[in-house]
Amino acid sequence: MQLDVVRSGGFANLRFPASLDTDELPRAEAQEIEALVGEIDLKSLAERSPLRGAGADRFQYELKVVRDGAEYRVIASESEVPPELRAVIDRVLTQGSAPGTSATGPGQGRP
Amino acid sequence: MHRCRDPLHCLLTPAVLENVARNGDESQRDWAVRALNRDQSIRLARVQNAKVRGRGPREGADALAVEPTAKANRIIYDAEGAEKVRGRSVRREGDKPTGDTAADEAYDGFGDTFNFFLEAYGRNSIDDEGMPLRGVVHFGAQYPNAFWDGKRMVFGDGDGQILGRMTASLDVIGHELGHGVTEDEAALEYFGQSGALNESMSDVFGSLVKQRKLNQTAEQADWLIGSEVWTPDIAGDALRSMKAPGQAYDDPLVGKDPQPAHMRDYIDTIDDNGGVHLNSGIPNHAFYVVATQLGGYAWERAGRIWYEALRHPTLKSTSGFRRFARVTRRVTGRLYGRDSGEVKAVQGGWEAVGLQL
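Chains as they are written, first to last, in our numbering: chain F, 1 to 111; chain G, 1 to 357.
Read the hints as simulated data drawn from the structure, not as lab findings.
Treat the hints loosely; a few may be bogus.
Straight-line C-alpha distance at most 30 Å; calculated BS3-like pairs for lysine-lysine [stated by the list, open to error]: (1) G:243 x G:256; (2) G:243 x G:344; (3) F:43 x G:344; (4) G:256 x F:64; (5) G:344 x F:64.
A short, non-exhaustive set of chain G residues, derived as facing chain F with CB atoms under 7 Å [claimed, not checked]: (6) 75; (7) 179; (8) 277.
Yeah, the Cβ is synthetic: ideal placement off N, Cα and C, and Gly gets one too.
In isolation and in its complexed conformation, chain F is listed as follows (with noise of 0.2 Å):
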């Protein structure tokens, strides 16, 4: 299962891209982060996306998962990210690999 995560936006709007291919991983390790995705409703999430939210410089997170042939893209507000989406995106960016850090910008650093 690949996942691919952008963090976008903030004050600052600093683009993190990073991503994670569980096929890549220990079998346990893998089955962990799929059971994590199989509690996100991504069917829904990515049908109502965007999802924006109150207020200003928030971050805007992307979560594109390709499993079993299937391809869903969320799109959400900060505030608007449900636990589970929150869980799986802060995995990614924490243990995925980054092809770097950049400002945001057209076809800069796209996973």
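Dock chain G against chain F, hints included.
For chain G alone, coordinates are given in the frame of chain F:
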């Protein structure tokens, strides 16, 4: 207590009438103020002030329009590293400094921003009705951001690697409070072009708060946003530059400042709510051009024009750059005369970023 003498005005609450008095056209304002005059409530002074504010060039007249009793009501909360906004209050209005840098910077920055809006534009807090200024510091774990959540200003301590304490720059504090003012007035939708305009308004207010605090003219100001927020490891003057969008930083780790300064470089993206912090460079630069063209203190004329345009009834929540630009020209004509140098400067500012009015 609102006593009802006229059936029509029974249906129109004082809040609605006040809104008309603040945002209606000349005859609507007169009518609304007359209606409210029948109501001997404490609201009267405020509405009269609003009416005076809406009228003409007011430098010098501002002192008369300002409620002399208006005073900041600041409350600072400590989230203690959690992502929560209902922390313990650590400093309330009139309290001595806490000794906690972020809490005291937020308290002082709110004071500077409150005084800026009150003394420059006769505005009494975020909602012009004396709304308490609530700030949350130490939000989240190494949280590299500051935001307005619709009710309060929230500040993280930064990750320490790239970004430091967000309260370190007065213009960041003014920027967040400015989001509250924009939400209360035009309520510009926070994505795409209206979102970039919303962002730009906050950079304008943030920069003006700093300029006024430092007593700087447009020529003396650095026009930088967040110049104290990068850690010393990052090669950059600031997070954004209104004078030179796209040139605030250039660093191996975080890359180069991607902001455009001209419509030909407008960025279409899904990131960042459709590039609200990117394309804000365009109206930011237009403001800089107008302010430096006019010279003197930027908050007096350029800032007043931007503020009045934000409050103008023809500015909608979905308005983009061109609509806003046209409103600034209209407001300027009303304030300074249609053939004034101010109108030429405003037109020139928008033309400099590729917007023909």
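Hint-by-hint comparison with the structure:
| no. | hint | verdict |
| --- | --- | --- |
| 1 | G:243 x G:256 | holds (16 Å) |
| 2 | G:243 x G:344 | holds (19 Å) |
| 3 | F:43 x G:344 | violated (53 Å) |
| 4 | G:256 x F:64 | holds (26 Å) |
| 5 | G:344 x F:64 | violated (49 Å) |
| 6 | 75 | violated (18 Å) |
| 7 | 179 | holds (4 Å) |
| 8 | 277 | holds (4 Å) |
Violated hints, in rising order: 3, 5 and 6; the structure is consistent with all others.
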